[in-house]
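Colleague: One-letter residues, chain by chain:
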Amino acid sequence: MRFALAWSSLRRHTTRTLLATLGVAVAAAMLLDMVMMSTGMRESFRELLLSRGFQLRLAPKGTLPFDTDATIKNTSGILTILRTNPAITTVSPVLGGTIQIPRGNRVVTSSALGINPLVQGDYELLAGKDPLADDAIVGNDDFLKATGARIGDTLDIASGYDPELRTYAASRKMVLTGRVRFLYGAADQLATAMRLGTLQQLSGTEHANDASLFMIRIRNDSEVEGVRRWTERMIPGVSGISTATALVQVDQRLSYFRQLAVILGSVSLFVGFLLVTTLVTVSVNERIGEITVMRALGVSRSHIVQQIVMEATALMITGSIAGLGLGLATGHYLNAILSSFPGLPVAINFFLFQPSSAWTALGLLALSGIAAGVYPSFRAASLPIATTLRQDAIA
Amino acid sequence: MTTIEDVHRSDVRRGTPSAAVVEARNLGRDYKFGEESIHALKGVTFDVGEKDYVAVVGPSGCGKSTLLNLLGVVDSPSQGTVRIRGHDVGSMRDREATSFRLHNIGFVFQRFYLMPTLSALENIELPMAEAGKKKGERVARGRELLAYVGLGHRERHRPSQLSGGEQQRVAIARALANNPAILLADEPTGELDAKTGGEVISLFERLNGDGTTIIVVTHDEVLARAAHRRIHMRDGSIVDE
Ligand SMILES: Nc1ncnc2c1ncn2[C@@H]1O[C@H](COP(=O)(O)OP(=O)(O)OP(=O)(O)O)[C@@H](O)[C@H]1O
Ligand SMILES: [Mg+2]
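Protein sequences appear in the order of chains A and B. The opening position of the first sequence corresponds to residue 1 in my numbering, with each subsequent residue numbered one higher. The opening position of the second sequence corresponds to residue 396 in my numbering, with each subsequent residue numbered one higher.
Bound conformation, chain B alone (with noise of 0.2 Å):
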C-alpha cells in the first residue's frame, strides 16, 4: 500500500508560519436581493490547525456551503478575513486566487464532477498539468494517488465506466494531486449509499491519520462522528464547538 509519505514527498510549505492552517476572522458574506440582502454568514470566528478534522454541521440553509467557498477561495467575504497558510486569501484577485486554489486547495464535490471525456488517470493529471508538471511525474503521481485510494486497476477507466463511490475516490485523489495544504469537502457522501459513502469515511480518515487537514460540510451523522471537532452552525453564525 502506498502511503502518505509519498503522497506528500514533493509537499513544499509556503506562506508565512502559523500554528493554524486555516484562520477565519469575524467572516461575513451577504447576498444582496435588489433593496433586500441576505446574511448568509455573520461573524464567523475560528481556526483549524495542522492535520485537524473538522466537520461543518447545521440545517439546511446555515451558511456551510457558503463558508467553504469562502474556505476555497472561489467566492470573497463581504466583512472580515481568512488566511489560509497565513495569505489573506479574500482579498486576492482572480489570477492571484485561481494560482492559490492550484496550489493550496483540495475540492471535493458532493457531484464528484470529473471530467467526463478523460480517464481517471487523466483527471488526476489535470491539476498536476495545470501546475505545469511534466507528463511523466504526473503520472507516476497519480499511479500513486489511484492506488491509495484503492483504484490503481481502474486507471483507463472513463467516469461512466465508474460507480458513484468510485467517481468519488477519483476525484478524492485529484483534489490531492497538488498536496494542497487543506482538502475541502461539501457533501462528499450526499449522493453515495451507506456502503459507498463509508468507504468515502474511512479513506478519509486513513488521509487524515496520514497528516492531511481536513474539513468537511456534512449532513452525514457517520462522516460527522468520525471527525475530530464539529463546528455547529445556523443562521450563519457559529453556536457551538
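If we strip away everything but chain A, and leave its shape as in the complex, we get (with noise of 0.2 Å):
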C-alpha cells in the first residue's frame, strides 16, 4: 500500500517526475564522470605499465622514461651486470632515437626505438614480422601513411641530419617487415622500431653502446623494492622505478585533475541532493492536507516517512541509472577526445570505467536520495494534527 502510494504520487506529476529524473540522471552522470577520472587515470596508467609484465625501468639518473634525451652509457655492460641478479627473469635495453626517411623530394622523420625484438615491450606487431634481422624495420599505421610505404619495401633510412650542410650522418637501407602498435605512443604521433644495435649504428659512434631505458621482469612482486635498490647500488648513473614509484609519480603530475575532480564530483552530488529535496519538499508541503488525514485514520508517522523517503528515493535511483548510462557516454566522448592529450600516451584513459566507482557513485546518490526524503516528510507527519486539519480546511 505504502508502495502503491509512493508509486502513485510520483505518477500525479509526470512532467515534474520525469524533469527531476532528468536532473538526477545529469548530475549522477556527471559524478560518475568524477569518480572515474579520479580514479581512472591511475589505475590505466598502472595497468599500461604492467601490460608486458615489467615491473622495474631503469632511467638515467632522477629522469623518468624517455622523459629527456639523456641516456645510459656502457648497456653490454650493465646487461652482465642485471643477468647476475637471479630475481630478474627478463631485461629489455630500449633507445630512443630519430630517423628521416627521404621519399621524393620531402623528407619524414619519424621517433625510432632500438629494442631486442625477442624480449621487447613496446609495441604490438599486426601485420608481418618482428624485426629480427638487422637491416629489418617496423612501423606504425602512422608511419606508413606518412611514407606511403608497405611491408617488403626497402627504404633509405638516415639519421642525424645537419640542416646547414643538408648532410646525414648515417643512413643505410632497410626493409619494412611489420606493422605495428606501439604501446605508449601518443596520437598522430610516426614511430618505428628496430634492433638496438642497429640504432645505436645509425645514432653514431658516441652512442654505439647507449640504451634510453631498461626494462625488467622480476620474478616475484615481492621482491621488486629489493632488486631496485640493488640496481642503484650496482649501477651508478641510473634511477630505478617501479610500477609503484611510477604511480607516485604520476599520482603528483595528476594530483589537480584529481581535485578537479573531487570538487566537481562533490558539486553534483550537493546539487543532485538539492534537486530532490525541493521537489520532495515541495510535493510533502502540496500534500499537507493528505498526510494529516491519514494521521487522523491512524497511519503512523513512520509509514509516512518511508512512503516519502521510497518516493525520492525511487527517483534518486531512476535518474542514477539513466546517470550511469550518459555517463558512460559522456565519459567515452570525453576520452576519444582527451586521448590527443599532448605527450600522454594514446592507451591512457582519462575516465576508466570499474564497477566500483559506478557502486560508489550510486550508492551516494541513494543515499543522498534518502537523505533528501527523511527530513520534509518527518516535519509533515509531526504537525499538530487537528489544527492542521483546521488550516487545510480554511486555505
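These are computed hints drawn from the structure, not numbers from a lab. Be aware that a few hints might be false.
What the hints assert, rightly or not - Quick list of the computed label-pair ranges, beta carbon to beta carbon: (1) D489(B) - F257(A): 44 to 54 Å; (2) S255(A) - G429(B): 53 to 63 Å; (3) G429(B) - N285(A): 21 to 31 Å.
Keep in mind it's a predicted model, so treat the numbers as computed, not measured. Built from N, CA and C at the ideal position, the CB exists for glycine as well.
With the hints in hand, could you dock these two chains into one complex?
Modeller: In C-alpha cells:
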C-alpha cells in the first residue's frame, strides 16, 4: 500500500517527475565521470605499465623514461651486471632516437626505438614480422601512411640530419617487415622500431653502446623493491623506477585533475541532493492535508516517512541508472577528445569505468535520496493534526 | 444487501467493560495567544452509550469541532479526561494515540479527504493495510463496505470521478474499515446539497440501526433531527440536552 501510494504520487505529476529524474541523471552522470576520472587515470597508467609484465624500469639518473634525451652509457656492461641477479628474469633495453626517410623530394621524420625483438615490451605486432634482422624495421600506421610504404618495401633510413650542410651522419637501406602499434605512443605520432644495435649504429659512434631505458621483469612482485635498490647500488647513473614509484610520480602530476574531479563530483552530488530535496519538499507541502488526514486515520509517523523516502529514493535510483548510461557515454566521448592530449600515451584513459566507482556514485546518490526524503516527511508527519486540518480547511 | 452483521463480523471489543463507550469528564481546551488564552471548551461532561446516535449542535465558534477532535484523539485536553471504551485517551502519547485511532475511531470530514491517487476501493483498504490486514481480506471487506454504502459498482473509480455525495459515502466506508468503536463526523453534509446530504443522513440512520455508535457535529437541521440525542453547546459549554 505504501508502495502503491508512493508510486501513484510520483505518477500524479508526470512532467515534474520526469524533469527531476533527468536532473538527477545529469548530476549522476557528472558524478560518475568525476569518480571515474579521479581513479581512472591512475588505474589506466598502472595497467599500461604492467601490460607486458615489466615491473621495474631503469632510466638515466633523476629522469623518467623518455622524459629527456639523456641516455645510459655502457649498455652491454649493464646487461652483464643485471644478468647476475637471479631474481631478474628478463631485461629489455630500449634506445630512443629520431630517423629521417627521404621520399621523393620530401623527408619524413619519425621517432625510432632500438629494442631486442625477442623480449621487447613496447609494441604489438599487427601484421608482418618482428625486426629480427639487422636491416629490418617495423612502423606504426601513421608511419606507413606518411611514407606510403608497404610491408616488404626497402626504405632509405638516415639519421643525424644537419640542416646547414643538408647531410646525414649515417644512412642505410632497411626492409619494412611489419606493421605495429606502440603501447606508449601518443596520438598522430610517427614511430618505428628496429634492433637496438642498428639504431645505436645509426645514432653515431658516441651512442654506439647507449640505451634510454631498461625494462626489467622480476620473478616475484615482492622482490621488486629489493631489486630496485640493488640496481641503483650496482649501476651508478641510473634511477630504478618500480611501478609503485612511477604511480607516485603519476599521482603527483595528476593531482590537479584529481582535485578537480573531487570538487566537481561533490558539486554534482550536492546538486542532485538539492534537486531531490526541493522536489520532495514541494510535493510534501502540497500534500500536507493528505498526510494529516492519513495521520488522523491512524497511519503512523514512520510509515508516512517511509512512503515519502520511497518516493525520493525511487527518483534518485531511476535518475542514477539513467545517469550511469549518460556518464559512460560522455566519459567515452571525453576520452576520445583527451586521447590526443599532448605527451600522453593514447592508451591512457582519463575516464576508466570501474564497477566499484559506479557503485560508489550510485550508493552516494541513493543515500542522498534517503536523506532528501527524511527531513521534509518527518516534519510533515509531526504536525499537530487538529490544527493542521483546521488550517487546511481554511486554505 | 450487505448487513451490519457482515460489517461487524471481525469486531473485537477492547478495553475495560463499561456501559458508556465515551465518558467525557470536566473537559477543557485552551488555546494560548501569547499572554491571553481562549477557553474553547470549558467543563464539558457527558456520556455516550453503546449504539447511541448523538448530534452536537450550536452556533459557530462554540467549540463543537474542538470537542470532536478530543473525542477523536487528534488533540489533547487542557483539563479533564476522555475515556473511550475505558481507555484514557487524553494522556496518550503519539504512537499509542495513532494506534488507538486506527483501531477504535472512524473519522468523517466535511471535505471527505479521500486520497486523490487511489481508487474508491484502495481508499477503503488504506486503514486496513495500516492495521496489517492481508490483501485478500482487505479487498473482500472493502467490497462489502462499498456495497453497504451503495457504491459496489464504483470500486475502481478515483475520487475525481465521483460526486461529492459519493465521495462522502466512500469516506464513511473508509471510516468503518477497521470496525471502530465510534464513528465521528464533523459537518458531514456541509459540502453537499439537500439531496446528496439526504443520502448521507439515511446512511447514518441505517448504520446506527445496524449497531454503530455515531457522534456528529452539524449545523444541518435535518441531520440533527435524525439523531437520537442532541447536545447543545454555547461558548465552550454544554447548555442543554
Ligand atoms: N487551533 C486553534 N488556535 C486558536 N484558536 C482556536 C483553534 N481552534 C479553535 N480555536 C478557537 O476555539 C473556538 C472554538 O472553535 P471550534 O472550531 O471548536 O468551533 P465550532 O463550534 O466547530 O465552529 P464552527 O461551527 O464554525 O465549525 C473558536 O473561538 C476558535 O477560534
Ligand atoms: Mg467546526
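Colleague: Just pull the numbers of the violated hints for me, sorted ascending.
Modeller: Of the numbered hints given earlier, the structure breaks none, since each of them holds.
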